[in-house]
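Colleague: Residue-level listing of the chains:
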Amino acid sequence: MSAVETLPARPAPVSTRFLRSELGMVFRRRRNQVLLLVLAAIPVIIAVAIKVTTPTGTEADGGPPFLFSITGNGIFVALTSLTVVLPLFLPLAIAVVAGESVAGEASLGTLRYLLVVPVSRTRLLAVKYAGALVYCLVAALLVAAVGTVLGALLFPVGPVTLLSGSTVPYSTGLVRLLLVALYVAAMMAGLAAIGLFVSTLTESPIAAMATTAVLAVTSQVLDSVPQLDWLGPFLFSHYWLNFGDLLRDPVATEGPIRGLLVTAAYVLVFGSLAWSRMTTKDVSS
Amino acid sequence: MTAPTRLRKLRWGVPIAATAAVAVVASGVLTAEADPPLPPKTAGQLLVDVQGASVKGLSGTVVQDSDLGLPDLPYAGTGGGGGAGLASLLTGSHTLRVWYAGEDKQRVALLDSLGETDVVRNGTDAWLWSSESNSATRFRVPAGGAGAKAADELPAGVTPQQAAETALRALDPTTSVSTDGTRQVAGRDAYELVLAPKDTRSLVGQVRLAVDAETSVPLRVQVFPKATGDGPAFSVGFTSVSFEVPGDEHFAFSPPPGVTVTEGTLPADPPGKADRAKAERAKAERAAGAARTVGSGWTTVAILPAPTGEPDGAAAAFLEQLPRVSGSWGSGRLLTSALMSALLTDDGRLLVGAVGPDLLYAAAGR
Numbered sequence: 001m002s003a004v005e006t007l008p009a010r011p012a013p014v015s016t017r018f019l020r021s022e023l024g025m026v027f028r029r030r031r032n033q034v035l036l037l038v039l040a041a042i043p044v045i046i047a048v049a050i051k052v053t054t055p056t057g058t059e060a061d062g063g064p065p066f067l068f069s070i071t072g073n074g075i076f077v078a079l080t081s082l083t084v085v086l087p088l089f090l091p092l093a094i095a096v097v098a099g100e101s102v103a104g105e106a107s108l109g110t111l112r113y114l115l116v117v118p119v120s121r122t123r124l125l126a127v128k129y130a131g132a133l134v135y136c137l138v139a140a141l142l143v144a145a146v147g148t149v150l151g152a153l154l155f156p157v158g159p160v161t162l163l164s165g166s167t168v169p170y171s172t173g174l175v176r177l178l179l180v181a182l183y184v185a186a187m188m189a190g191l192a193a194i195g196l197f198v199s200t201l202t203e204s205p206i207a208a209m210a211t212t213a214v215l216a217v218t219s220q221v222l223d224s225v226p227q228l229d230w231l232g233p234f235l236f237s238h239y240w241l242n243f244g245d246l247l248r249d250p251v252a253t254e255g256p257i258r259g260l261l262v263t264a265a266y267v268l269v270f271g272s273l274a275w276s277r278m279t280t281k282d283v284s285s
Numbered sequence: 001m002t003a004p005t006r007l008r009k010l011r012w013g014v015p016i017a018a019t020a021a022v023a024v025v026a027s028g029v030l031t032a033e034a035d036p037p038l039p040p041k042t043a044g045q046l047l048v049d050v051q052g053a054s055v056k057g058l059s060g061t062v063v064q065d066s067d068l069g070l071p072d073l074p075y076a077g078t079g080g081g082g083g084a085g086l087a088s089l090l091t092g093s094h095t096l097r098v099w100y101a102g103e104d105k106q107r108v109a110l111l112d113s114l115g116e117t118d119v120v121r122n123g124t125d126a127w128l129w130s131s132e133s134n135s136a137t138r139f140r141v142p143a144g145g146a147g148a149k150a151a152d153e154l155p156a157g158v159t160p161q162q163a164a165e166t167a168l169r170a171l172d173p174t175t176s177v178s179t180d181g182t183r184q185v186a187g188r189d190a191y192e193l194v195l196a197p198k199d200t201r202s203l204v205g206q207v208r209l210a211v212d213a214e215t216s217v218p219l220r221v222q223v224f225p226k227a228t229g230d231g232p233a234f235s236v237g238f239t240s241v242s243f244e245v246p247g248d249e250h251f252a253f254s255p256p257p258g259v260t261v262t263e264g265t266l267p268a269d270p271p272g273k274a275d276r277a278k279a280e281r282a283k284a285e286r287a288a289g290a291a292r293t294v295g296s297g298w299t300t301v302a303i304l305p306a307p308t309g310e311p312d313g314a315a316a317a318f319l320e321q322l323p324r325v326s327g328s329w330g331s332g333r334l335l336t337s338a339l340m341s342a343l344l345t346d347d348g349r350l351l352v353g354a355v356g357p358d359l360l361y362a363a364a365g366r
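The listed protein sequences correspond, in order, to chains F and B.
Numbering-wise (the UniProt record's numbering), the first sequence opens with residue 1 and increments by one.
Numbering-wise (the UniProt record's numbering), the second sequence opens with residue 1 and increments by one.
None of these hints come from the bench; they were simulated from the model.
Errors might be hidden in some of the hints.
What the hints assert, rightly or not - Stretch by stretch, here's where chain F covers chain B in the computed footprint (C-beta under 8 Å, at least three residues):
{"#": "1", "segment": "8 to 15"}
{"#": "2", "segment": "18 to 24"}
{"#": "3", "segment": "108 to 115"}
{"#": "4", "segment": "131 to 138"}
{"#": "5", "segment": "254 to 265"}
Cβ atoms here follow ideal geometry from the backbone N, Cα and C, with glycine treated the same way.
Start from the sequences, fold in the hints, and give me the full structure.
Modeller: So this is what it looks like as structure tokens:
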């Protein structure tokens, strides 16, 4: 954070220096790198485990979706991995990054220096959120990419069987996988907005991370209680698995669009809450 | 950064406004469309139109909701061969995609969050595909025959058409038929046809059919119980629909590589609805010895012999939950829900009807 560099001229409206410095901070932090490593390890573990043991059976007998398709086509390593990281590992990583964003600076005492440079609090918040968004994207794409590469190395690749039972060329399958990864990243953007707001409430980054992670798990628990099924459509985690609709033939758009709209609503509400809190709070440390 | 406190507090108005905006959009107030103006039609005209409706093709998404107030069923075998996927239709909410291009080209896909069960009919081939069990079953449909619909593999009431047919079959002097203005369903203008049992002892309050103004195809069927004033206990309707004939690619199913294909068998003599019904009745009678009905119209009570043999663990536990009842007719266990009641007597009879328990007791005592 070099304040001197940004001082001379009013920063150009599209200056990306602040964003680049934030991204550098997010991706250079050892903790965040370790989290990415853990995420990347999931497809490795799945691929190697399947290669060594070759499970027999079908999904109906238990096990995560797509698991039993891996031996037939390596691309399913990526899809299985995305399904496996979605409930916990991925939200945890996002909670850490988003919870850290503002509270981390506050706890280190660097927030007030940041606020001295001629950058508005609004812009600071936007850059913090953008940093978390890029992390969401990188995390989801990383899992998909490692899964694809490892799947191609250890298992045969070829035409991909979609959920509808029709078969598409491998290249089309890769496009579908990319869409799934982008959808998963977009779903995490909602959680990141919640984490950003929580992060503006406290000066303890650990508290912000834990709260965000707990909210992510709570949302999923509430969604799985049959007596509370009226609540489901309002929960942000309710739409995470809608990426399955991208693997049908033809693609079913209603489910994913609904997921994106609800996520957008969460981003709007918690983003504006974070903004109100950020622009009105007294920064003393 | 030192704005007056009052001004700073105002900033909290932004998230409040954002939340309000989201709530308004989510509640659908903005997107709710006024009931469309359509030339008035009498109930009789609508009935004739619905029964004569035929389209060359359609495709769309159907959402089916069951809120029957049934206890969780331990298992629900439909015998359709679809496994858990199709049996799950009896409870909860389900989304299906349908394609139709004439009698011999049909496809129904039951969507699961990361799975799909498809029934595809294309000419003389019919396929049942389940992504979860990664299996495909092929049925041969005899050429030339009127043909068993692929959709017949699914439990009744899966599509609005099937549900409407079932409801219309109940039409007789015991039903009062009326219209109730117009509605927007799946973005299309529709008339609302209301069927209500005249017999007040029926648990069914009314059945509402939304009939497409242009094609007369039923777009939505809702069944309201008499007891509660809230929403329908059962509803099935399109959330989006197109009446263009879908392309052949939707009906071309070839089993993916690596999938085990089994050959299924259709009932021995499938063609023809009447024959089918007769065959089914004969089969039921054979199995039953004495299946019969008491009463008529909406308050018909079916008396069937209870399934023989010891129930297995899950079924026995399920039966244990049901309250024991007894009377001059004997004793047994009673299952009640918003739309139907069932009585399993200790002497091995199963009584089912869309009526309250008293009518079942009366039927049992006869």
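Colleague: Mind listing which of the numbered hints don't hold for this structure, in increasing order?
Modeller: Hint check: nothing fails, all pass.
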